[in-house]
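Student: Below are the chains, spelled out letter by letter.
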Amino acid sequence: MTNYDIKKDFSILNNQDIVYLDSGATAQKPKQVIEAVNEYYELSNANPHRGAYKLSIKATEVYDEAREKVANFINAKLKDEIVFTRNATESLNLIAYSYGMDKLKKNDKVVLSIMEHHSNLVPWQYVTQKTNSVLEYMYINKDGEITTSEINEKIVPGVKIVGITQVSNVLGTINPIKEIAKRAHEVGAIVIVDASQSVPHFKVDVRELDADFLVFSGHKMLSPLGIGVLYGKMELLKNMRPFLYGGDMIEYVYEQNTTYAPVPTKFEAGTQNVGGAVGLSSAIDYLNNIGMSEVEEIEKELLEYAMKRLSELDFITIYGPKNLQNHSGVISFNVNGVHPHDVSSILDSQNVCIRSGNHCAQPLLRYMGLDSTCRVSFYIYNTKEDIDKLINALLKTKEVFAKWINI
Amino acid sequence: MDNLESIYTDVIMQHSTETYNKKKIDNPTAMEHGHNPSCGDDITLEIKMNNNVIEDLSFTGHGCAISQASTSIMIDLLKGKTKEEALELINIFIRMIKREKISEEELDKLEEARALQNISNMPARVKCAELAWYTMQKLIEK
Chain A
14 MTNYDIKKDF
24 SILNNQDIVY
34 LDSGATAQKP
44 KQVIEAVNEY
54 YELSNANPHR
64 GAYKLSIKAT
74 EVYDEAREKV
84 ANFINAKLKD
94 EIVFTRNATE
104 SLNLIAYSYG
114 MDKLKKNDKV
124 VLSIMEHHSN
134 LVPWQYVTQK
144 TNSVLEYMYI
154 NKDGEITTSE
164 INEKIVPGVK
174 IVGITQVSNV
184 LGTINPIKEI
194 AKRAHEVGAI
204 VIVDASQSVP
214 HFKVDVRELD
224 ADFLVFSGHK
234 MLSPLGIGVL
244 YGKMELLKNM
254 RPFLYGGDMI
264 EYVYEQNTTY
274 APVPTKFEAG
284 TQNVGGAVGL
294 SSAIDYLNNI
304 GMSEVEEIEK
314 ELLEYAMKRL
324 SELDFITIYG
334 PKNLQNHSGV
344 ISFNVNGVHP
354 HDVSSILDSQ
364 NVCIRSGNHC
374 AQPLLRYMGL
384 DSTCRVSFYI
394 YNTKEDIDKL
404 INALLKTKEV
414 FAKWINI
Chain B
25 MDNLESIYTD
35 VIMQHSTETY
45 NKKKIDNPTA
55 MEHGHNPSCG
65 DDITLEIKMN
75 NNVIEDLSFT
85 GHGCAISQAS
95 TSIMIDLLKG
105 KTKEEALELI
115 NIFIRMIKRE
125 KISEEELDKL
135 EEARALQNIS
145 NMPARVKCAE
155 LAWYTMQKLI
165 EK
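Chains as they are written, first to last, in this note's numbering: chain A, 14 to 420; chain B, 25 to 166.
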């Protein structure tokens, strides 16, 4: 299947003249996923785990099937190692509160990479402050990569938690997760992988990576908004306290105390987003049908073409790894002398959607000496023509500003 | 395209690239910092009051063409005005950007700042245009 065939499934991209290059923020949804969600609400909707009637049992089954599909997709050992959340941010907060807050002791260390999204950074600031533990960072080299020596220098005895994004949402850097996890385990730390920008784009195997926790959001991988995933090794999940308390996550409730349901229900309080889980399940079917290696191939081709065309423009500065082997389909750049916000407005007037700003990664941009960047991010429905339109819109940007500044 | 040209007008582009208002002033009587966390626009206004009159006003910082131009245009407009006059002009400007009811007479008072009226049609950029004016309001009311 080619990206041209795939694009036909995305009504939003066919019903209007737009070039969508912001899939790193959220992906568009194919009609198969939208139909699956519709069908759920039309045929199977009820509150799971509640009623003894057929419809509720059906909703429970559908929810469970989605869990199994997610487990298989990332090669988890057990279906019950998958906890559904709202999104990666909630998954990371769950880990910070239910694991970090209890396990961290005074002077323990938490090590993050400087390229973490605020979602894998701000919770750790709070938790380390509360527990009097120490927050440290692994920094990047000039190509936006974390080197082996930086890994070995920062992940040392005393470090208890390592938080690392598999792919930078700003630079597109693919981080060496296996190496980081191995090092973390050698010093007795656990590793938390933010896979929000990787799971949608290439095969991720939690056991091959030896990740202790791994999180991602459904909406960046073709599924509806509001459904996310927390994967955790069963031994860890079993020994953690709940995150949210209330209905469904309980076993017996007495006036003064409660016993909790087993994992994963222990972490899923309240009525769950079954419609979202159905959408995620359908998105996984859609991606599996294409094949994750094919998904990767399509994006690699787009990345190479975009890099070639962008580097032909002498008024642009590109950030991130030069080696495209360590580079996912995310490119940050600036039009020299023009603020990214102005660039994205002018591109928008040409119907090209890109992101501008600090991409929820202020510490990374500050470290790089930048205030903000323009970012394009690809997915399976993008084409070379989209990139040509991006280039033309950038030339238009130059034209608008050339009268006023040296560009 | 019409849309684009109504935003990136000569007045706005000129103000966003000229830097005569972008400086520090000697012995400011007060300062105020303004920030748009979503896009990173970040300015500091410095003011020198002489009794009730804005004797000098300047800014430093960084941001997009709209925010930089809006700041510079505002400085040109408010320098030499009294505190009350300045607050009234800020009020008119904010109402213009928010597309609230506004008279032709009031719009005239804004002079060059009228060039920013079309920003009100671009929700994504409204905050860029407003930043300096809200920051100034805080500064005066201090």
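The set of hints was computed from the structure by calculation and includes no laboratory data.
Please note that the accuracy of each hint is not assured.
When the alpha-carbon atoms are kept at most 27 Å apart in a straight line, the in silico DSS-like pairs for lysine-lysine are as follows [as the list claims (entries may be wrong)]: (1) A:Lys416 to B:Lys72; (2) B:Lys151 to A:Lys416; (3) B:Lys72 to B:Lys46; (4) A:Lys411 to B:Lys72; (5) A:Lys416 to A:Lys335; (6) A:Lys21 to A:Lys416; (7) B:Lys122 to B:Lys151; (8) B:Lys151 to A:Lys409; (9) A:Lys416 to B:Lys47; (10) A:Lys411 to B:Lys46.
Only a predicted model underlies this, so the values are computations on that prediction, with no experimental measurement involved.
Student: Failing hints, ascending?
Tutor: 1, 4, 5 and 6
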